[in-house]
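J.: Sequence:
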Amino acid sequence: MLQPPVQAILVCLGAEYKAVSRSLKRVSGSTPSVVSLPMGASCTDLKNCQDVHQILKLAPPSVLLMGLCGSLKARYQVGDIVLYQDCVDNSTSLLKPCDSTLTKLLYQRLQERVSIVKGLTSDRIICSATEKRHLGETTGADVVDMEGFAVLEFFTQAGVSVAMLRVVSDDCYHDLPNLTSALSPDGSLQPLLLAMAMLRQPIAATRLIRGSLRGLQVLEQVTTKLFSG
1 MLQPPVQAIL VCLGAEYKAV SRSLKRVSGS TPSVVSLPMG ASCTDLKNCQ
51 DVHQILKLAP PSVLLMGLCG SLKARYQVGD IVLYQDCVDN STSLLKPCDS
101 TLTKLLYQRL QERVSIVKGL TSDRIICSAT EKRHLGETTG ADVVDMEGFA
151 VLEFFTQAGV SVAMLRVVSD DCYHDLPNLT SALSPDGSLQ PLLLAMAMLR
201 QPIAATRLIR GSLRGLQVLE QVTTKLFSG
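Residue numbers are given in my numbering: position 29 of the sequence shown equals residue 29, and the series is strictly consecutive.
Read the hints as simulated data drawn from the structure, not as lab findings.
For every residue, glycine included, the Cβ atom is placed at its ideal position computed from N, Cα and C.
Mixed in with the good hints, there may be bad ones.
Computed cross-link-like contacts, DSSO-like style, restricted to lysine-lysine with a CA-CA straight-line distance of at most 30 Å [to be verified]:
(1) Lys47 <-> Lys96
(2) Lys118 <-> Lys104
(3) Lys96 <-> Lys57
(4) Lys57 <-> Lys18
(5) Lys118 <-> Lys47
(6) Lys57 <-> Lys104
(7) Lys18 <-> Lys118
(8) Lys47 <-> Lys25
(9) Lys96 <-> Lys118
(10) Lys18 <-> Lys47
(11) Lys73 <-> Lys25
(12) Lys73 <-> Lys96
(13) Lys18 <-> Lys104
(14) Lys225 <-> Lys25
(15) Lys57 <-> Lys25
(16) Lys96 <-> Lys18
(17) Lys73 <-> Lys225
(18) Lys225 <-> Lys118
(19) Lys118 <-> Lys73
(20) Lys104 <-> Lys225
(21) Lys47 <-> Lys104
(22) Lys225 <-> Lys57
(23) Lys18 <-> Lys225
Okay, the calculated beta carbon distance ranges per label pair [unchecked claim]:
(24) Pro202 <-> Pro5: 41 to 47 Å
(25) Gln221 <-> Leu192: 30 to 36 Å
(26) Leu199 <-> His53: 37 to 43 Å
(27) Arg124 <-> Ser30: 33 to 39 Å
(28) Ala195 <-> Leu94: 32 to 38 Å
(29) Thr130 <-> Ser30: 45 to 51 Å
(30) Glu137 <-> Ser115: 26 to 32 Å
(31) Leu58 <-> Leu110: 21 to 27 Å
(32) Asp51 <-> Thr101: 23 to 29 Å
(33) Arg22 <-> Thr130: 33 to 39 Å
(34) Gly140 <-> Ser30: 35 to 41 Å
(35) Pro60 <-> Leu94: 38 to 44 Å
(36) Ser28 <-> His134: 45 to 51 Å
All chains should be modelled from the sequences, with the hints used to inform the complete structure.
T.: Right under this line is the structure:
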């Protein structure tokens, strides 16, 4: 089966970027370039990224946003693979569709292993399980991330086809540690503040680590599945 027509993969810097890059190294033949984004990337961040400008020069340009996400509904559990049909911005309630042709090709590649979902992009980490379920009910979204809508908005305006594929790393029944204070303005996590936040909520921290490790493992596997010949 042919590789999906993706020129570049966008993924958050850190563990998610490393997982995708590591997976592609095991794939023989040509693979898409991998571009790292800050967590919570905005349209301004994308506009100022030199690697993004290189993507815009490709013909025909198409990108795949990959990474982890949080579940807003009970049916989506840690380790589940989801493919976005569309994405809504939590601040403005604007909804944008992903490229249907590219999304269909990715779905055919993965078949029964993936669910088609509606994504929600938040400008902050949603730590409360109660709030996550409430967002699922009020917005109709299935999963939440922090970059999806900005990526979709920026690239579709530039005429680039966008698809989004993520792996669930936390469910909607357990609180996350409050990591807001550990998030730098540039989208990176500050190690000391991250450790302090984890220590304040050790049970939630342990669950987050386990979920993240499981999500990253599946992210590697699905990347290999997508781009192996």
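J.: Within a Cα-Cα threshold of 30 Å, do Lys18 and Lys225 meet the stated pairing?
T.: holds (17 Å)
J.: For the hint 30 to 36 Å, verify it against the beta carbon of Gln221 and that of Leu192.
T.: 32 Å Cβ-Cβ, so the 30 to 36 Å window holds.
J.: Would the hint linking Lys57 and Lys18 be met if the CA-CA limit is 30 Å?
T.: The given pair, whose Cα atoms are some 25 Å apart, holds under the 30 Å limit.
J.: Measuring from beta carbon to beta carbon, are Arg22 and Thr130 in 33 to 39 Å?
T.: Holds, since Arg22 and Thr130 (Cβ atoms, about 35 Å apart) stay within the stated range.
J.: If you check the beta carbons of Asp51 and Thr101, does the distance land in 23 to 29 Å?
T.: Since Asp51 and Thr101 have Cβ atoms about 24 Å apart, the given range 23 to 29 Å holds.
J.: Quickly compare the C-alpha distance for Lys118 and Lys47 to 30 Å and report which way the hint goes.
T.: At roughly 25 Å apart (the allowed maximum being 30 Å), Lys47 and Lys118 satisfy the hint.
J.: For the pair supplied as a hint, Lys118 and Lys104, is the alpha-carbon distance within the 30 Å limit?
T.: Status holds; Cα separation ~15 Å.
J.: Under the criterion that the straight-line Cα-Cα distance not exceed 30 Å, is the pair Lys47, Lys25 satisfied?
T.: It holds: about 28 Å lies between the C-alpha atoms, which stays within 30 Å.
J.: Taking 30 Å as the top limit, are the C-alpha atoms of Lys47 and Lys104 close enough?
T.: holds (28 Å)
J.: For the range 35 to 41 Å, tell me whether the beta carbons of Gly140 and Ser30 fit it or not.
T.: Holds - the Cβ-Cβ distance for Gly140 and Ser30, about 38 Å, lies within 35 to 41 Å.
J.: Holds or violated: Lys18 with Lys118, Cα cutoff 30 Å?
T.: holds (26 Å)
J.: Would the hint linking Lys18 and Lys104 be met if the CA-CA limit is 30 Å?
T.: holds (26 Å)
Checked against the numbered hints listed earlier, the structure breaks hints 11, 30, 35; every other hint is satisfied.
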